[in-house]
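Student: As a plain string of letters, each chain reads:
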Amino acid sequence: MPRKPIVTATIERLEILSPDGSVDEALLPELSGEDMVGLYREMVRMRAYDEKAVKLQRQGRMGTWAPLKGQEAPQAALALAMEPEDWLIPAFREHGIMLARGVPGHVLYAYWAGDERGSAFPEDVRVFPIPVPVGSQFAHGAGVGMSLALRGEPGVAVTFGGDGATSEGDFHEALNFAGVFRARTIFVIQNNQWAISVPREKQTAAETLAQKAVAHGIPGIQVDGNDVFAVHVAAREALDRARSGEGPTLIEAVTYRLGDHTTADDAGRYRDPEELARWQERDPIPRMRRFLEARGLWDEQQELVLTDEATAWVEAQVEALEAMPAPDPADIFRYMYAEMPASLREQMEELREEVSS
Amino acid sequence: MPRKPIVTATIERLEILSPDGSVDEALLPELSGEDMVGLYREMVRMRAYDEKAVKLQRQGRMGTWAPLKGQEAPQAALALAMEPEDWLIPAFREHGIMLARGVPGHVLYAYWAGDERGSAFPEDVRVFPIPVPVGSQFAHGAGVGMSLALRGEPGVAVTFGGDGATSEGDFHEALNFAGVFRARTIFVIQNNQWAISVPREKQTAAETLAQKAVAHGIPGIQVDGNDVFAVHVAAREALDRARSGEGPTLIEAVTYRLGDHTTADDAGRYRDPEELARWQERDPIPRMRRFLEARGLWDEQQELVLTDEATAWVEAQVEALEAMPAPDPADIFRYMYAEMPASLREQMEELREEVSS
Amino acid sequence: MSSTIHEARRTAGPAGEAAVTEKVTIATAVRDALALEMERDPRVIVMGEDVGVNGGVFRATEGLLERFGPERVLDTPLAEDGIIGTAVGMAMTGLRPVAEIQFMGFVYPAVNQLLAHMARIRNRTRGRFHAPMVVRMPYGGGIHAPESHSESYEAMFLNAPGIKVVVPSTPRDTRGLLASAIRDEDPVVFLEPKRIYRAFREEVPVEPFTIPLGVASIPHPGEQVTLVAWGAMVRVCLEAARALEREGISAEVVDLRTLNPLDRDTLLESVRKTGRCVVVHEAPRTAGFGAELVALINEHALLDLEAPVQRVTGFDTVFPYARLEHHYLPNRDRVLRAVKKTFEF
Amino acid sequence: MSSTIHEARRTAGPAGEAAVTEKVTIATAVRDALALEMERDPRVIVMGEDVGVNGGVFRATEGLLERFGPERVLDTPLAEDGIIGTAVGMAMTGLRPVAEIQFMGFVYPAVNQLLAHMARIRNRTRGRFHAPMVVRMPYGGGIHAPESHSESYEAMFLNAPGIKVVVPSTPRDTRGLLASAIRDEDPVVFLEPKRIYRAFREEVPVEPFTIPLGVASIPHPGEQVTLVAWGAMVRVCLEAARALEREGISAEVVDLRTLNPLDRDTLLESVRKTGRCVVVHEAPRTAGFGAELVALINEHALLDLEAPVQRVTGFDTVFPYARLEHHYLPNRDRVLRAVKKTFEF
Ligand SMILES: Cc1ncc(C[n+]2csc(CCOP(=O)(O)OP(=O)(O)O)c2C)c(N)n1
Ligand SMILES: Cc1ncc(C[n+]2csc(CCOP(=O)(O)OP(=O)(O)O)c2C)c(N)n1
Ligand SMILES: [Mg+2]
Ligand SMILES: [Mg+2]
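Protein chains in written order, with the numbering used here: chain C, 1 to 357; chain R, 1001 to 1357; chain F, 2001 to 2345; chain B, 3001 to 3345.
Read the hints as simulated data drawn from the structure, not as lab findings.
Among these hints, one or two may not hold up.
Derived, one-sided and incomplete: chain F residues facing chain R with beta-carbon distance under 10 Å [as the list claims (entries may be wrong)]:
no. : residue
1   : Q2102
2   : F2106
3   : Y2108
4   : P2109
5   : S2148
6   : F2315
7   : D2316
8   : Y2321
9   : L2324
10  : D2333
Simulated coverage check for chain F against chain C, where a stretch passes if three residues somewhere in it have a Cβ under 8 Å from a Cβ of chain C [what the hints assert, rightly or not]:
no. : stretch
11  : 2080 to 2089
12  : 2093 to 2101
Note that CB positions come from ideal geometry on N, CA and C, so glycine has one too.
Just chain C, with the same shape it has in the complex:
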């Protein structure tokens, strides 16, 4: 028994919808026309919401914003695949799916406008707050997946992260915990090719990010992340697996950040414009529109209506944002503990006097 293979791990890549709008019919998920159109509408709404935020930032009406443009497909696909009982544990570029899962648009805007009330989601919204330290949310996802099982509640934890985040040790510890405890958790990596200025190839010598699952004995799959159907199929499988107690899955959605890292960044400093152009051709939204039009599920007229709707909805979010009363300085103290200790009350009083003087 000399030198022999003992483990063979294969990573598959799934693609269904081509950039030209054609599909692999055999793999197309069984979705109603309504659902398909719904996916498109979600993506368009996400983009409108995102583009507006970038504009607001330029006008000084918004803080630093992390554009999601180009990454709508994984977010729309997951939103559709998830059940109401499921939990979303986002990173910081998941505006789209956060909205889709019930976070009010003006609330999320408030977060990026520098207001903690922007993480005070309604009680029935099963979405975690934005975690700023990259990679630190994965363990929360594993914990939620474990917690649901331990408490005998239904639901799956869906955790998002970026390609850069897969280099943090936290990511691996989380996947390992999820594997060991067969957590009802799925990990979605939006591999948008860049972690600020660091390209995917410098982030790891691994050929794919999906294969990082192999380290933890859990399934991993790569999908075209600009192909909403491919992501949907992989998500469905992973969610089903988790829901039936078969444990976690890692999904690598290969996509692209069409915008800057944040509004404080200038991607032109480190990114080849040709690369950007190539990815613009693979934009998930026109691709899906071509598909819907080819199927007779969409036309120019509907597009016009949708654009108007999306714009109106986004404007309403901006209005609601700007109608929020200024935050109360006392809020700095109010939520530190269940009950405010005396020393903190004193500090709050100091500030109150200062503000009123």
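Model the placement of chains R, F and B with the ligands on the given structure of chain C, informed by the hints.
Tutor: Here is chains R, F and B with the ligands on its own, set in the frame of chain C:
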């Protein structure tokens, strides 16, 4: 182009020397009889050194000790495969290879006897101090491998760790850095089946630890860690690869901790005696002795001489340990900075007065 | 573990006889508190390295696995960030995890989860979420341990707002404070003085009880000098107080018990009364929590001071290995010398 | 970056004319110090997230990659523990890494490497090894950043012995102190006040120079009250000192510049002279480094005090997001109120 495999990773297992002493001649490394005997002698010396320490601890002449018994093969094999220019970055159960790489026996004993001088290795000994936080040494190994290349020095960094340590995020960050920068580093995991009371199966859902390399795009291999030839072959390959600039390798040496976790532990609380018995049959030392005897390289007479030699050598280390002058309390302060700041000098004086009063 | 509690229970008889007590060590008190709270509240779970089958390297979780099963007593992989990170996710969704860090020196890999998440969930979400969890860790020196096994870096958790920090010094306090910590709606770091895990026994009620967080105790009242400490150093102060008594000096020992919330009033009242104060802790002096106590006394009781507050602490060095650790750790004589200074000022 | 240095060089002429200066910001001073030290010593390398191609998110490493190549300017994977851990391995084997942590709020994942290793290598090996490395990180609030981008938790590094901590407040100090930090044989955490990275320019010698670690400066001498600060808060104190001047009160501003080693003498001398002291820092009050300063003053200058030392600090809360941060950060008026208290005591 629908659902297709894009990455296939295979983990091989290498075995050469069977527990009964027979070998796979085709795979047997080209080692001189002297080297083969040398491997055996090293292992016997390691065990004598280790067993003595456990006895000393029971007699109150040694602090907590972490027995290496059963794990001699990876340490002897690596010691032989390494070049003088190479660096060893151990975890805490690598007494054997530390000695083999030039750490004086009484110095290492001093460490475990609770004396910092036990990490003051001679200047020409390329061995890092023992890192207590599990998993934290891997990054040092990656850094040394990078540093050697950047400074244009020859040498490879050889980093050791346990099965438990592969769950720490540090391990993954280190492998990832090594992969990205093609560090001249090899990572040797002594998978001794247990991390204190936690068995390998609860540590990770991965079938092997070698496959954790896949996450970082570097080669990984599993070897019978009680088979000194198998480890030697894998080590040689990995060292050659690193030395020639082809990057890092992960080696999982499957072995067993025949003793307790430390002298403060009682493995009987969590370990099946039958498991222990099974592994005792796979002990690396009798196995090698059978092989050498079958080849006519070893006999009873030589064994008796070796036993005496090893005992005498170990006794000399104990004597040297016990002949060390008591540590100077001022040493607490002396090595904190290159130059002692005034505030620390004051504290040292305070202590001096106290000690002399 | 079950034996202790079960037998004692049996002797306890009908409800109401809550005065039934048992002589236990701090280690046993930890175990009993965990068992009682797990019994009381199904949301409480215990997790960490070696806490299950092995019952913890200090046996502080012994018997829990047998009693509550592997769903509530989790032997985790060796990954502190993973332990605290998953616990945060659990605490945010309805569980009350009690996570163990095997030694305080191994908490560093978890600092990100503790300081950037656990401490901030309530504030970050303006109360939408909170993280009711306890992170237990044995801390401090005196057990002849290898490097990283004697750490006492509580100051780190005290400068990072949002974490309650509790350090018991007796079996009774351990039982009552750990119960409070587990029932608390905020995250608590619970530091266990491993040096005195088994140093002595104390009569402790068998039935569940709590001791509120944020209330210091005065195990040795006195008039002329205040000795302030927590955890294992309380005993050092008590020894000093008894020695002082023999010299006719009346020392008051204040055991802070919880460092956040801090019982400032008890501390200040004592110092105002005595006019002299010695603060004792194991951590290095510079930027240790003792500095904060001195600063508070400076701010609120400066004019009451007869002499500068003295600090008796670890040195500003790495905690030494076994052979030198006794030189490092504050002891009775060092406290006595500091007291002398406050009288000779 | 090369442009700045190169052009200035050209105008510098023959050796000896070391007085040639250039007006630069703190951010430029960081860059220039790195470039000069890299030129001087081939062992110096720069590493971190986005430090290469992008020149750092604050442009503090701009141009270094072009000038020194990818072997000495390493864009690393996104992993702080990996950055510091590999840097420790490098520093122990002959390199002098200058590692960047993108924001102080992201240093937590690296705390294990910083506190358990970097700080202790020399002591652990009784001098056989040491870790001459610098960990740069922008710290502090005031730039309207999202959560975790405004941290100021220096106290953590000061209670853990073995780490030098440097915080410049001007471009000139930045150049001189960073050069010293890089040449130092011990590990240094170098905190850069990001709020004032580009707030003002100062004439700085073009040629390499150093400012010794452990020496405070007195940017505003005075007689009646001492204002102590470091980093961005020095400017707040200077504003306050100027306002006090207009009221006829003479304030002395002490800029500590390095927190470890600490220039205790300069601080104490000033307090002994003025009898009044206000300590200002951004970090939360409780267990912040200000407490240590108060404790030192208590220990060494109690009888010189006319009033309790006042602390003007961040609150004991999470650093607020942009819309409320101005309420949190110490400002001139808060310092003035504290000064008033010391006069009205
Ligand atoms: C622990 C930590 N380190 C550094 C940062 C600064 N930072 C914010 S986003 C980012 C890049 C993240 O890349 P990736 O994970 O690919 O996500 P993407 O931005 O592409 O969505 C960095 C370095 C951070 N927020 N947290
Ligand atoms: C960060 C950290 N956590 C916990 C510990 C306590 N501890 C010491 S050894 C050990 C188990 C290590 O297991 P493994 O890596 O398999 O090495 P082995 O002991 O089997 O050689 C643990 C949990 C530690 N030293 N460091
Ligand atoms: Mg990315
Ligand atoms: Mg092991």
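Student: Are the hints correct? Go through all of them and say.
Tutor: Here's how the hints hold up against the structure:
no., hint, result
1, Q2102, "holds, 9 Å"
2, F2106, "holds, 6 Å"
3, Y2108, "holds, 7 Å"
4, P2109, "holds, 7 Å"
5, S2148, "holds, 4 Å"
6, F2315, "holds, 5 Å"
7, D2316, "holds, 6 Å"
8, Y2321, "holds, 4 Å"
9, L2324, "holds, 6 Å"
10, D2333, "holds, 7 Å"
11, 2080 to 2089, "holds (count 8)"
12, 2093 to 2101, "holds (count 3)"
In this structure, none of the earlier numbered hints is contradicted; all agree with it.
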